[in-house]
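Protein sequences appear in the order of chains Y and L. Using this note's numbering, the first residue of the first sequence is number 1, and each one after it goes up by one. Using this note's numbering, the first residue of the second sequence is number 1, and each one after it goes up by one.
Worth flagging that the hints you see were computed from the coordinates, not collected in a lab. Treat the hints loosely; a few may be bogus.
[To be verified] Straight-line C-alpha distance at most 20 Å; calculated SDA-like pairs for lysine to any residue:
(1) K57(Y) x K42(L)
(2) K42(L) x G40(Y)
(3) K68(L) x L20(L)
Below, each chain spelled out in residue letters.
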Amino acid sequence: GAGVSQSPSNKVTEKGKDVELRCDPISGHTALYWYRQRLGQGLEFLIYFQGNSAPDKSGLPSDRFSAERTGESVSTLTIQRTQQEDSAVYLCASSLDAAGKSYEQYFGPGTRLTVT
Amino acid sequence: AQSVTQLDSHVSVSEGTPVLLRCNYSSSYSPSLFWYVQHPNKGLQLLLKYTSAATLVKGINGFEAEFKKSETSFHLTKPSAHMSDAAEYFCVVSLYNAGNMLTFGGGTRLMVKP
Chain Y
1 GAGVSQSPSN KVTEKGKDVE LRCDPISGHT ALYWYRQRLG QGLEFLIYFQ GNSAPDKSGL
61 PSDRFSAERT GESVSTLTIQ RTQQEDSAVY LCASSLDAAG KSYEQYFGPG TRLTVT
Chain L
1 AQSVTQLDSH VSVSEGTPVL LRCNYSSSYS PSLFWYVQHP NKGLQLLLKY TSAATLVKGI
61 NGFEAEFKKS ETSFHLTKPS AHMSDAAEYF CVVSLYNAGN MLTFGGGTRL MVKP
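The task is simple: from the sequences and hints, build the whole structure.
Structure, rendered in structure tokens:
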């Protein structure tokens with residue numbers, strides 16, 4: 001595909017339910033990032049995958065959040081037992097190999113999560 | 001650690017007048033700096049980036065930014081605002097030795113009056 005894609009574009013869920021968000025990075029991009037954007041705020045880093053290395057989970061806000069990536073392709077972000085404060089836009093980005101250089105991150109359109 | 005401060009949450013200009021969006025950063029190492037733009041209901045788009053080459057960086061749509069190490073600033077400017085420039089702008093810093101994780105400023109909403 002031409003860019004990073006995310007699904008679903010919108011998700012409304014009830015408090016306490018689990019949700020799964022999907023990201024398809026640009027083909028050939030080995031680095032993948034998840035960010036969260038609360039209403040009217042900048043982006044917060046959540047987690048970072050680089051090739052087959054262990055992911056950097058330092059931005060995950062609680063143990064209810066987890067993410068997986070299959071090789072250098074699709075990633076899923078899972079939020080268990082959702083809370084109203086989880087309502088936000090979740091953005092995925094991918095870039096070329098991040099080791100030693102600063103490459104541009106290309107962002108997907110995001111998934112807007114609303115927890116009622 | 002690295003951080004970014006955008007000094008104005010809202011900036012309003014008239015069409016045809018200059019734009020200045022201010023950004024200060026802090027970083028323990030030589031950072032890479034970016035400006036991203038986010039139009040309503042659209043994804044983030046890279047405007048320009050600084051990666052230790054020329055300190056004056058030119059981007060898309062007539063925007064440019066100057067890296068000033070002594071002032072730890074990376075302000076975004078445009079000589080003449082256009083209505084289509086109305087959007088949210090984010091100043092961003094990253095460190096290659098921190099996995100290029102991006103640290104975003106809080107954003108500046110630019111409004112352009114006719």
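The hints, checked one at a time:
For the proposed pair K57(Y) and K42(L), the alpha carbon gap of about 27 Å is over 20 Å, so the pair is violated. As the CA atoms of K42(L) and G40(Y) are separated by approximately 14 Å, the hinted pair is consistent with the 20 Å bound. This hinted pair checks out: K68(L) and L20(L) have alpha carbons roughly 15 Å apart, not beyond 20 Å.
Going down the numbered hints, you'll see the structure goes against just number 1.
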